[in-house]
Amino acid sequence: MADASPIGIFIAGVLTLGIFSFLYKDNPVYKVCEAIFIGVSAAYWAVEYFYSALYKKFWLGVIPPEGSGADPDMWLWGGAILGVLMLCRMIPKINWLSRWPLAFIVGATAGLYMMTFFVSNAMNQIASTMQPLIQDTFLATLGSFTVAIGTVTGLIYFFFSKEHKGIFGGAAKVGIWFLMVTFGASFGYTVMSRMSLLIGRLDFLFSSWATNFGQMF
Amino acid sequence: MIQALFLSPVFSPLFSPLFSVVSHGLGPVFSWIFWILFVAGVGWVFWRTIKGREVERRVIFLMMGLTVAGAVLTGIVLPVQETVVVRNIFDTIENLEEGDKVLLSLDYDPSGAPELQPMAIAVSQHCLEKKLKICYMTLWGTGGAMIADVITAIRPDFPELVYGEDYCNVGYRAGNEAVLKVIATDFRKTFPTDVSGIVLDSLPMMTGVTACPDFSYIVAIGSGRPGIKEWVEYVVEPSGALMGSGAAAVSAPQLYPYYPQQMNGMMGGSKGASEYEKMLRRGYPKYGEFRAQATEIMGPQTVAHVFLMLLIIFANISFFLAKKRKGASA
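Top line first, the protein sequences correspond to chains S and P. When the letters of the first sequence are read in order and numbered with the working numbering, they come out as residues 1 to 217. When the letters of the second sequence are read in order and numbered with the working numbering, they come out as residues 1001 to 1330.
No false leads were slipped in.
Within a straight-line C-alpha distance of at most 30 Å, the following computed DSS-like cross-link-like pairs (lysine-lysine) qualify:
# : chain 1 : residue 1 : chain 2 : residue 2
1 : S       : Lys-56    : P       : Lys-1189
2 : P       : Lys-1323  : S       : Lys-165
3 : P       : Lys-1324  : S       : Lys-173
4 : P       : Lys-1051  : S       : Lys-25
Read the hints as simulated data drawn from the structure, not as lab findings.
For reference, chain S alone in the conformation it holds in the complex (with noise of 0.2 Å):
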């Protein structure tokens, strides 16, 4: 906001307080501004995408400026093409063409996942847990040992094919604990989250809006 203009700010804080109206119930200011910020996302990304991927993505990769040295890419004449074929899925005669570049999509993003993502989240994550229980500091040491308790009763409160009763029900039941403490603290985590939007808004009604406003009029 530090280049805003004056009408800029007073346009800002006017949609603010009409998106909040929609706390005390449904109406037509509301409408209003919910249009408005559709509108101005979906032209805001359509010429954002036009720019980085078209124009600089596409068009600077096959007729590279003078003076970079870079080779044009015609690589990239591959995407165009896949890129005009998703657009056949307007024309109903040849919209069965637009599954060949979302083949290559999910294709393309399940072969890029499959090694990073298991190696990330699960071998690692294996190691990472599987730490010796003693540590050097009586706090690590805690933290160690409720590490192991919570991964085991976890998994143990997911295991279905042994009734949960016994030593089993009860860890089982140590496990419900340690996923609702995970529950609350996420919980808690999203109030924060949302609360700083809040105050993020509130402070910009307060500060720069309403100094503007002052000045306005």
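Could you slot chain P onto chain S? The hints should help.
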């Protein structure tokens, strides 16, 4: 003695607002009026709960709005407790040598700015104080405006900065994970030019940078996808680059498992940002005079959380009382 107990690290987040009626803008009288109204409002909700009457959701919205607005206007500032997770990022930057290069990726949009922009500003200020060279980039189309805002915010404190020598901005490239996959091994393949179209080779600070591991440290600040998770998967894992992160609070719990093996530190939401601001202020006293945005947020945050916790407790009391009444009438 009671005040000392309330201001102890354990209780201070809950009770210190009661003793921090020093106001930034509207004076201590307004602060007292705010707290009296806050207690009266909470008391009214509690009274309705005991009586078994409903409190309409719009009243709750209004009360939450007034609570946060009042807390913002009174400018409550609370003590911030530092954690190792954030300190690791600060120490890593503190221990870098003059001239080392840091890659700062701002992967968020204006909705994430209230909690993430303070992180980006504080990390940038710290890097520039240490005379490190910053390369800004983003994986989000809306991130370009965020980078511009950060640069605008820090430039007045560092008028001697030269673009291309002390910092640069390579901006946004479409492609999400594909961008990361490529820059892990070949930075110029995805970013042949900076955001203004200047060829990267002509920027002195980018000499010797061919891939992500050539940066001494990477700080990824993000609020969604593509973001920190993708940085870990596509850059840290295959290239072994050293990375710290700043996450929106809503996504922080899912990212903590990556600490400390896959990223050496993380700032979680406005709390993490306020910790970093505190460390920066202590290490560089000149920042005591500047506005610490995240630290200012933490006061209203705490008041809102206390109000929410009270509502949850009241709702549970209401639930059990209703159950008891139903049992008595049956």
